[in-house]
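Knowing the structure of chain A, use the given hints to seat chain B on it.
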Amino acid sequence: MHEMSLAEGIRGIVEQAATEGGFARVKSIVLEIGALSSVEVEALRFCFDAVMRDTVADGATMEVVDVPGAGWCMPCGETVPIAALYDPCPKCGSYQVQATAGTEMRVRELEVE
Amino acid sequence: MCTVCGCGSGEVTIGGARPAVRPAPGATVAWRPAAGGGHHAHHEHDPAHGHGPAGASAPGHVHAGEDHLHFGQGPARAHAPGLSQGQMVRIEQDILGKNDSLAGANRTWLAERGILALNLVSSPGSGKTTLLCRTIRELAGRTPVAVIEGDQQTEFDAERIRETGARALQINTGKGCHLDAHMVGQALPRLELAENSLLLIENVGNLVCPAAFDLGEAHKVVILSVTEGEDKPLKYPDMFAAADLMLLNKVDLLPHLTFDAERAIDFARRVNPRLEVIRTSATTGEGFDAWLGWIGRGLGRVSASRVETVDALKRRIAELESRLAANAP
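First to last, the sequence lines map onto chains A and B.
The opening residue of the first sequence carries number 2 in the numbering used here; numbering runs sequentially from there.
The opening residue of the second sequence carries number 30 in the numbering used here; numbering runs sequentially from there.
Hints were generated in silico from the structure; no laboratory data involved.
As the structure is a prediction and not an experimental result, all values here were calculated from the model.
There could be a bad hint or two in this list.
Stated by the list, open to error - Result set (DSBU-like, lysine-lysine): computed pairs, CA atoms no more than 35 Å apart in a straight line:
#1 B:Lys264 - B:Lys204
#2 B:Lys204 - A:Lys28
#3 B:Lys264 - A:Lys92
Bound-form chain A, shown alone (with noise of 0.2 Å):
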């Protein structure tokens, strides 16, 4: 989908980070991404590379942490775990489901020196 931006917000929010942290190099970028993101990790690996070309982090390794779905059952009143958005309930079995974690696409850290 839209990896390639994606991969350029990371290029931005790194280069940002190596200005104010007056670090050379990034050897490890590590990301959060959410089981229900809009993100599709593989792809975005194969824009990574190219992006990163000529900056700070030109050869770094992208690790991603992968964060777990999860939804509010309105039926159940409780938070349950989903993989994906269109998952009903594993406990009642309603699609009454409204996700509450596992959205996010974050950059956790990185391993600099």
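Same frame as chain A, but now just chain B:
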């Protein structure tokens, strides 16, 4: 260019003109080898160790060298205890944070003027432009309407909108597959929008990418036409999850089709239980009373909150003036 979706930058035009350069988050810091000595002296790589394959499922980065611990050793790829914190920089920033902050600026700009902005998203061919033309004609004389049209190429849609008498600005995204907040932010001042008016943003026909990009709109409105598959909400869930309203369009064609409207709506609400649904036909006008009523309530909310904002500002000014007067010698 992204080979997955054709997403890219460099060919964007806004109203036929090249856009301003995107705000750069900072100068690129060129790579340079770390200087020897200092805290890097300990950081010599043991030739025996290797980086594991980088991958979401692979632990990777397991290092055994003396005095050389990296994160990624545990099952959760958490940091190893004893790691030098100087080497790790916590960032904790949303990847789309830049877009979201520009969208926030657009939202403030619109709120200050009492403008209701709707981001209309759908597949190509769902009838968005025809629906917009009828909407503009029905609102003529009641509510000023302006339109931002997003397409990869051509100004065809903006020309169709202009035939209705409304002001329209075409954004061509070039190779891009979605509008973003920066493009819309540049379009806003060019449109000379009336206060307390309606801004309709017709996004690039694409049920995938526009879901993730906030433009500063009040609501995303997803349009699904009955000539498409009724399982589309499950096949493209992100968009139906991001929308507040679904227009089930071209319902005048239902007698000629096997499309099960109830099933489509049920699928959409599996993805988004809060989704409102209106059945519309831009040909017969069916559902337009409900659709225009929904817009009218949105306009009412925007102008009500604007009044509150102006009042709040006036109260604040009065408060500051009284404090100044109290402190005056």
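Status of each hint after checking the structure:
{"no.": "1", "hint": "B:Lys264 - B:Lys204", "verdict": "holds, 24 Å"}
{"no.": "2", "hint": "B:Lys204 - A:Lys28", "verdict": "holds, 31 Å"}
{"no.": "3", "hint": "B:Lys264 - A:Lys92", "verdict": "holds, 24 Å"}
Hint compliance for this structure: every hint is met.
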